Amino acid sequence: MPITAPTLHAAAEQFREHLNRVLALTVTRTRLVLIPSPTLPRVQLAFRQGGRPVEAKLHTRFGVIGLHLAQTCEAESVHGRRRQQQRLRTVAYRYTLSPDGAADPLLRWEYDKQLAPQCRHHLQGTVELTIGRHAVRLNDLHLPTGFTTIEEVLRFCIVDLAVAPLSREWDEVLTESYEKFKGDCAPRGRR
Amino acid sequence: MPELPTALREAIERGELTEEQLRQLIAFEAQALGLDFNEAVRRAKARTLPRNYIGADLELLVDLLAA
Numbered sequence: 002m003p004i005t006a007p008t009l010h011a012a013a014e015q016f017r018e019h020l021n022r023v024l025a026l027t028v029t030r031t032r033l034v035l036i037p038s039p040t041l042p043r044v045q046l047a048f049r050q051g052g053r054p055v056e057a058k059l060h061t062r063f064g065v066i067g068l069h070l071a072q073t074c075e076a077e078s079v080h081g082r083r084r085q086q087q088r089l090r091t092v093a094y095r096y097t098l099s100p101d102g103a104a105d106p107l108l109r110w111e112y113d114k115q116l117a118p119q120c121r122h123h124l125q126g127t128v129e130l131t132i133g134r135h136a137v138r139l140n141d142l143h144l145p146t147g148f149t150t151i152e153e154v155l156r157f158c159i160v161d162l163a164v165a166p167l168s169r170e171w172d173e174v175l176t177e178s179y180e181k182f183k184g185d186c187a188p189r190g191r192r
Numbered sequence: 002m003p004e005l006p007t008a009l010r011e012a013i014e015r016g017e018l019t020e021e022q023l024r025q026l027i028a029f030e031a032q033a034l035g036l037d038f039n040e041a042v043r044r045a046k047a048r049t050l051p052r053n054y055i056g057a058d059l060e061l062l063v064d065l066l067a068a
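Here the protein sequences line up with chains Y and D, keeping their order. Residues 2 to 192, numbered by this note's numbering, are exactly what the first sequence covers, in order. Residues 2 to 68, numbered by this note's numbering, are exactly what the second sequence covers, in order.
Since the hints were derived computationally from the structure, they do not count as laboratory data. Keep in mind the model is a prediction, meaning the values are calculated, not measured. One thing to keep in mind: the hints can contain errors.
As the list claims (entries may be wrong) - In silico DSBU-like links for lysine-lysine, alpha-carbon gap of 35 Å or less:
hint : chain 1 : residue 1 : chain 2 : residue 2
1    : Y       : K58       : D       : K46
2    : Y       : K114      : Y       : K181
3    : Y       : K114      : Y       : K58
4    : Y       : K181      : D       : K46
5    : D       : K46       : Y       : K114
6    : Y       : K58       : Y       : K181
To be verified - Which residues of chain Y face chain D? A few of them, derived with a C-beta cut under 8 Å, are:
hint : residue
7    : G52
8    : P54
9    : K58
10   : R62
11   : G67
12   : H69
13   : T73
14   : P106
15   : I132
16   : A136
Where is the CB? At the ideal position from N, CA and C, for every residue including glycine.
Okay, chain D solo, but in the shape it has when bound (with noise of 0.2 Å):
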C-alpha cells in the first residue's frame, strides 16, 4: 500500500477527517486491493471484498461513510 499523502496522515493522526479525507482513505486502501472507490464501497456492502486484513479494515471504513 502506497504511503498517504502528509495532510492526511496528519489528520488520521488528529483523529478529526472530513467526509474529502475518509473517501481518500478509503480510495488508498480500494487502491491497495486494486479496485477503485465505487467498486470497493459496493463490495463493502455485499460483504464481497478481499478476505485480508485490508479487506476487513476497508469494510468497516465504508461502514462510516454518510448513507
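Okay, chain Y solo, but in the shape it has when bound (with noise of 0.2 Å):
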C-alpha cells in the first residue's frame, strides 16, 4: 500500500506516525519528528526532543549506543480515484549508530538522491580495515549498501547488538513493516 496523502505534509505524517509506533514496539519511545520546508516541497523526519536533535539511547552487548534517524522525503504527483494524490518518496537518510563518548559514529548509513560519483547508498563508520598493505577506515570509503530501510537498522539492533525489544511482537512489526513500505519508498530501479 502506497503512503500517498492529498498533501505531501498529510503523507509524511501518515508515515511519522507509523514509524513512531514502530520504534516503540521494537528499540525506543524516541520520537520522529516533522519538519517542512517552507519554500520546497520537502520534509525531514528526525529524532527530536524539545526541537533539537537527539539519539535514542539503547542498552545493547557493548555498552550504551546512541541511534540517531533522520530522512528527507519528497512527494510525487499519482492520479487517485477522485483527485490528485502525492505519494511519499525518501531522497536522503542518515541513520548513525554512536558508542557512548565516541565523538564519530561507528556506523553511518547514509543515501542522497543527488550524490555522484560516490554509491549513493553506503555504509561508513569509524571501523579499521586492511586492504592488502594499506590500513583504511570505513570512513575513507562509501561501502555500497542498496537501499537501508530503518526496520533493518532495528533488526541490527536487537539481533547483532541484543537491544531487548520493547514488545514480543518486535519480528512481526519490523517484517510486516519492511514489507509494507519497502517497495512503496524506494521502488527498485527508480532514482
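Put the two chains together into one complex, using the hints given.
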C-alpha cells in the first residue's frame, strides 16, 4: 500500500506516525518529528526532543549506543480515484550508531539521491580495515549497501547488538512494516 | 546544544516553520558544532560537516532551505 495523501504534509505525517509506532514496539520511545520545508515540496523526519536533534540511547551487549535516524522525503503526484494524490518518496537518509562517548559514529548508513560519483546508498564509520598492506577506515570509503530501511537498522540493533525489544511482537512488527513500505518508498530501479 | 526559544520549539511541534525559523534552527545546530550559519550551509553542501548525529541532521535541514 503506497503512502499517499492529498498533501505531502499529510503523507509524511502518516509515515511518521507509522514509524513512531514501529519504534515504540521495537527499540525506543524516542519519537521522530516532522520538519517541513517552508518553500520546497520536501520534509525532514528526525529524532528530536524539545526541537533539538537527539539520539535514542540503546542498551546493547557492547554498552550504551546512541541511535539517530533522519530522512528527507519528497512527494510525486499520482492520480487517485477522485483527485490528485501525493506519494511519499525518500530522497535522503542518515542513520547513525555511536557508542557512548565516541566523537564519530561507529556506523553511518547514508543515502543521497543526488550524490555522485560515489555510491548513493552507502555505509561508512570508524571501523578500521586492512586492504593489502594499507590500513584504511570505513570513513574513507563509500561501501555500497542498496536501500537500507529503518526496519533493517532496528532489526540489527535487536538481533546483533542484543537490544532488549520493547514488545513480544517485534519481529512481526518489523517484517510487516518492511514489506509494507520498502517497495513504496524506494521501488527497485527508481532513482 | 542550548535550549531552543519557546516560539521555535512550538513551531517545530506544530510542524509549521517559517523560513526564518528554519534558518534559526540551522543556526542553533550550527552553533552546537562551533559553526556559524553561513559556514554550516557551505559545509553541508560540501558534505564536510562533522560526522556526528547533529552534523547528519544539519545536512538534511539545509536541504529544506530555498535554493
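- For the hint on G67/Y, just tell me whether its beta-carbon gets within less than 8 Å of chain D. holds (7 Å)
- Task: Using Cβ atoms only, decide whether A136/Y comes closer than 8 Å to chain D, and label the hint accordingly.
- Result: This interface hint is violated because 19 Å lies over the 8 Å limit.
- Query: For the hint on T73/Y, does the least C-beta distance to chain D fall short of 8 Å?
  - Reply: With a minimum Cβ separation of about 5 Å from chain D (threshold 8 Å), the hint on T73/Y holds.
- Task: Could you grab the alpha-carbon distance between K114/Y and K181/Y and see if it respects the 35 Å cut-off?
- Result: holds (22 Å)
- Task: With chain D as the partner, please determine if K58/Y meets the hint condition of a C-beta pair closer than 8 Å.
- Result: K58/Y check fails; min Cβ-Cβ to chain D is 12 Å, beyond 8 Å.
- Status of the hint placing I132/Y at chain D (closest C-beta pair under 8 Å): Given a least distance of 21 Å, the restraint on I132/Y is violated.
- Please verify that hint: G52/Y, Cβ, nearest Cβ of chain D, below 8 Å or not. holds (4 Å)
- Task: Double-check R62/Y for me: the hint is only fine if its C-beta lies closer than 8 Å to a C-beta in chain D.
- Result: The hint is violated - R62/Y has no Cβ within 8 Å of chain D, the shortest such distance being about 22 Å.
- Report holds or violated for the interface hint on P54/Y, using the least CB-CB distance to chain D and a cut-off of 8 Å. With Cβ-Cβ at 4 Å, under 8 Å, it holds.
- Task: Decide if the proposed pair is consistent with the structure: K58/Y and K46/D, CA atoms, cutoff 35 Å inclusive.
- Result: holds (29 Å)
- Task: May I ask you to test the interface hint for H69/Y with respect to chain D, counting a Cβ-Cβ separation under 8 Å as satisfied?
- Result: Hint holds; H69/Y Cβ to chain D Cβ min 4 Å, cut 8 Å.
- Query: Are the Cα positions of K114/Y and K58/Y separated by 35 Å at most?
  - Reply: Within the cut-off at roughly 29 Å; holds.
Of the numbered hints stated above, those contradicted by the structure are hints 9, 10, 15 and 16, listed in ascending order.
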